[in-house]
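Visitor: So the sequence lines, in the order shown, correspond to chains S and G.
Using my numbering, the letters of the first sequence map in sequence onto residues 1 to 75.
Using my numbering, the letters of the second sequence map in sequence onto residues 1 to 611.
These aren't lab readings, by the way, just hints derived from the structure by calculation.
Don't take each hint at face value.
[Unchecked claim] Derived DSS-like pairs (lysine-lysine); straight-line CA-CA distance at most 25 Å:
1) Lys423/G x Lys457/G
2) Lys22/S x Lys50/S
3) Lys225/G x Lys283/G
4) Lys296/G x Lys50/S
5) Lys225/G x Lys44/S
6) Lys22/S x Lys296/G
7) Lys274/G x Lys50/S
All figures in this text were calculated on a predicted structure; none of them were measured in a lab.
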Amino acid sequence: MSITVTGAIERSEIGVGTWGVKTEGGETYELLDPPDELLVPQAKVTIVGKVREDVMTIAMIGPVLEIESFQILEN
Amino acid sequence: MKKFLLLCLFFVFGIWFAIFNFKGLATQGEYNSIILDFREDIPTTEISKDLREISSQYNEKASLNSVFSVKDNIYIVEGDKMLLNALKRSDIAKDTEYIEPNYVYGVPQNELWNCNSKNKSIAFEPNSNSLNAPNDPLYSQQWNLQKVNVEQAWQETKGDGVVVAVIDTGVSRVPDLKQTDFVKGYDFVNDKENAADDNGHGTHVAGTIAQSTNNAYGVAGIAYKAKIMPLKVLSRGGGGTVADIAESIKFAADNGAAVINMSLGGGGESQIMKEAIDYAFSKGVAIVAAAGNSNKNASAYPARYPKVLSVAAIGASGKKSSFSNYGAGVDISAPGGDSDAKILQETIDPRNGNPTFAGLMGTSMASPHVAGVAALVHASGVTDPEEVYSVLKNSSLKIEDDPLNYYGAGQLDASAAVKLAIKGKITWGDFVRWLRDNGYLNPRFWFDGGAVALLPKIVMVIVGYLLAWFLRNYLPFGWALNGGILMGSAGVFFLKGFYIFDLPQWPFRLMGSSIPELGNSIVGTAQLNPFFASVLIPFILVALLLSHPQGKWFAIGTSLGVAGCLAVSAFVAPALWGIGSGLLAQSFLVVNALLCFGLAYVASKGEKQTA
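Isolated chain S, as found in the complex (with noise of 0.2 Å):
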């Protein structure tokens, strides 16, 4: 089931670093091999895509999400 992420791109120092998306919520979604289009720190975007429950990172700072689809709102 697709799920749809609203928030703020973030840089992760756990470990050897990792991209996550912060939801307004106070959510953070871990994102799985991330597009470098997305890798711009504090940029707001919506994703669409995959809680990935069968798949464990060294980062684990929350959830694994595989992208369908993105957009960035602003940067």
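Could you slot chain G onto chain S? The hints should help.
Guide: Chain G in isolation, oriented as in the chain S frame:
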């Protein structure tokens, strides 16, 4: 305007570039000397000839890197890129395994000094001059190893021969892992035997467990005579599927691993994973995993599984790391660093695969500390995973004031763990199993047996009843009075340690609190709130319920219970919010306990007379 925009773009790009780049690699590529590793199958006269040739032809003198380089024939010669290329093209190259730049593993230098000065400000004194300190030059920066008392543990064991599987992004044989033993591993991502690292995480984790130590180079590791089994299940990007991870757990169990470290997490409950863990555990493998980095009240999977030891992270000051998960499922805590002081090991730069020293933080860094000490415990003769967990937890440094279970059983102590393992102080067997089974009901519920100090609670109830006994002539010992005494003195205290995974724990803390504790239970501190821990609530209850036939006895019981609670707190834990824990707080509690007793006396006596 255009210029301004351009400037902004440049600025954003600069920040992005700076952040994106793996921390600790800023000076990557800088070198002013060159390493020559001569082959070990050529006569020393040949090496001497080559060294003379370097001296005469390039006017540079090559010398052994250190006394430890004799065996490996590693020589260093001063020079730059021009000399490097010239040497690579010369006949000398034929006699070497490699000729490469001697990189200044620098950022670490920069980052290191930063982190060092900050470490000092948080009152941690590196004790690198102790007699047992290893000769690794960067050991003085490893506050984390000194914090777990690893030097004293080394006097007993260095983990000789114990196989530790590192399920991660792979492990690369960086120079400071050269003297560390490896056993056959596997790359489950690319399906090949060589499980080299392409991310930098797994090599760092393996370094904490068994970095070559006392080799006069780089940093130290905890169980440096243990053997590393590199298992790559996470891609270069740092993610991997539970199917691969489960497979690697089985591989480890089937190939002689005694300890598994999993500095990874996420996803939901998975049958394949649970089965793999149960399988490894049944084959005698101790499994250690990171609690997760989302600052949430619950361990992530796989740390959450009952047979896995879940590790939370602490910083150099001994406080919980800002990012670390806590609460439900956390078994123990160990250094994972924080932004002011990170964990330093040698790893690879993912951009070019070159070795580098890097400071990282995360529960990923905390977990291998516990895995390393588990290897030391194993080498000391305690091999059953159940017993290994018990030794680790029972020997940890207990943190008394830990209502939110930041630290699990306590903070890792390698020295105490090894001593306990050798002494075999614990009576093994059923009792231990009983403890563990009661620590974990199943992956959805969790009970923290250490959340409540049982003895003071019982004393509080007894004192409440003792006070009631003084007034026995006036009191009917019915359910109302008993309930009042219980609620006033201790509350339904066992609820305090009860957790349901992923749900907030404060309702249980609230339900498990006595009346004097209500003011501090939601925020989860151990300091009593002076408004609640006083005669105030019993007074209001007595005033409101005095005319009610059952209610008054509840109110009077409450008053006696609170008296018991405050009297015991005055001597056991007199910490009051805003007042402290000194004489003033003690006096406050004693006076209020007396007032409560007086209130109960007056109220019950008045009742008797009118009755």
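Visitor: Each of the hints needs a verdict: does it hold here or not?
Guide: Going through the hints against the structure:
With a CA separation close to 32 Å, the supplied pair Lys423/G and Lys457/G exceeds the 25 Å bound. Proposed proximity of Lys22/S and Lys50/S is supported: the alpha carbons are some 16 Å apart, at most 25 Å. Distance check on the hinted pair: Lys225/G and Lys283/G sit about 23 Å apart at the alpha-carbon level, within 25 Å; holds. Restraint check: the Cα-Cα separation between Lys296/G and Lys50/S comes to about 22 Å, which is no more than 25 Å; the hinted pair holds.
For the hint linking Lys225/G to Lys44/S, the alpha-carbon distance of about 49 Å lies beyond 25 Å, and the restraint is violated. Between Lys22/S and Lys296/G the alpha-carbon distance is near 14 Å, which keeps this suggested pair within the 25 Å criterion. Simply put, Lys274/G and Lys50/S have alpha-carbon atoms about 23 Å apart, close enough for the 25 Å limit, and the pair holds.
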